[in-house]
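Start from the sequences and build out the full structure, keeping to the hints where you can.
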Amino acid sequence: MFVTIGLALDVCPANTTCQGPLATKFSASMNNESFVLPTKLSMLQAFFSNVGGVYTTDFPANPPVQFDYTNASINNNLPLLFAHKGTKVTKLKFNTTVELVFQNTAIIGIENHPMHLHGYNFHVLAQGVWIMHCHLDVHLPWGLATVFVVENGPTPTTTLPPPPADLPQC
Numbered sequence: 001m002f003v004t005i006g007l008a009l010d011v012c013p014a015n016t017t018c019q020g021p022l023a024t025k026f027s028a029s030m031n032n033e034s035f036v037l038p039t040k041l042s043m044l045q046a047f048f049s050n051v052g053g054v055y056t057t058d059f060p061a062n063p064p065v066q067f068d069y070t071n072a073s074i075n076n077n078l079p080l081l082f083a084h085k086g087t088k089v090t091k092l093k094f095n096t097t098v099e100l101v102f103q104n105t106a107i108i109g110i111e112n113h114p115m116h117l118h119g120y121n122f123h124v125l126a127q128g129v130w131i132m133h134c135h136l137d138v139h140l141p142w143g144l145a146t147v148f149v150v151e152n153g154p155t156p157t158t159t160l161p162p163p164p165a166d167l168p169q170c
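Residue numbers for the sequence shown follow UniProt numbering, so the first one is 1 and each next one is one higher.
Bear in mind the hints are in silico, worked out from the structure with no lab data behind them.
None of the values given here were measured: they were computed from a predicted structure.
Some hints here could point you the wrong way.
[What the hints assert, rightly or not] Just the calculated beta-carbon pair ranges, DEER-fashion: (1) THR57 x ASN15: 30 to 40 Å; (2) THR16 x GLY153: 14 to 24 Å; (3) LEU140 x PRO164: 20 to 30 Å; (4) SER73 x PRO154: 43 to 53 Å; (5) PRO163 x ASN71: 45 to 55 Å; (6) ASN95 x ALA165: 22 to 32 Å; (7) GLN169 x MET115: 22 to 32 Å; (8) SER49 x TYR69: 35 to 45 Å; (9) ASN15 x THR157: 17 to 27 Å.
Every residue gets a Cβ at the ideal spot worked out from N, C-alpha and C, and that includes glycine.
Given below as structure tokens:
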């Protein structure tokens with residue numbers, strides 16, 4: 001996977017003062033997809049119970065367009081400035097090998113984004129739902145995240161166990 005990481009813009013909600021250029025608010029994206037956490041059911045519960053409509057499995061494996069990612073003067077491409085919002089994930093078969101290549105972009109501004117993948121020491125051996133996000137806390141609610149959904153393996157020990165009976169609801 002080749003994943004571009006960068007800032008983006010979003011429409012400022014009514015009756016709100018926003019800090020972005022031209023009265024917008026800041027957003028962020030990976031491959032021009034700004035991640036939105038689900039509000040009705042956790043992604044792990046949706047995965048375990050096979051509930052549809054919580055997320056889609058069409059996170060792009062590559063950026064939507066190729067351009068000079070480090071050129072700070074490319075800030076007028078509206079489709080890149082205003083990233084698509086959604087809960088798109090990458091679905092992986094158990095025991096799959098995936099190479100991730102990250103590339104920061106200079107859209108809006110040049111920043112460094114320390115990325116972190118939950119659940120792994122980068123030897124991915126676990127099934128389930130794992131979020132990957134920027135460690136700059138402000139960037140997570142802006143959408144600088146994605147999720148890997150790793151399918152169950154062929155044995156009981158490689159199958160996601162059920163949630164605990166006392167699991168709180170979202």
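So, going through the hints one by one against the coordinates:
At about 36 Å, the CB distance of THR57 to ASN15 agrees with the hint of 30 to 40 Å. The hint said 14 to 24 Å for the Cβ distance between THR16 and GLY153, and at roughly 46 Å that hint is violated. One distance hint, 20 to 30 Å for the beta-carbon pair LEU140 and PRO164, holds here, with the actual separation near 25 Å. The beta-carbon spacing between SER73 and PRO154, approximately 51 Å, falls within the hinted interval of 43 to 53 Å.
Between PRO163 and ASN71 the beta carbons are some 46 Å apart, a value that agrees with the proposed interval 45 to 55 Å. ASN95 and ALA165 have their C-beta atoms about 30 Å apart, which keeps the hinted 22 to 32 Å range intact. Between GLN169 and MET115, the C-beta spacing of about 30 Å keeps the proposed range 22 to 32 Å intact. A hinted range of 35 to 45 Å for the beta carbons of SER49 and TYR69 is consistent with their spacing of about 39 Å.
Restraint check, ASN15 to THR157: a C-beta distance of roughly 53 Å breaks the suggested window 17 to 27 Å.
Of the hints listed earlier, those the structure fails to meet are numbers 2, 9, in rising order.
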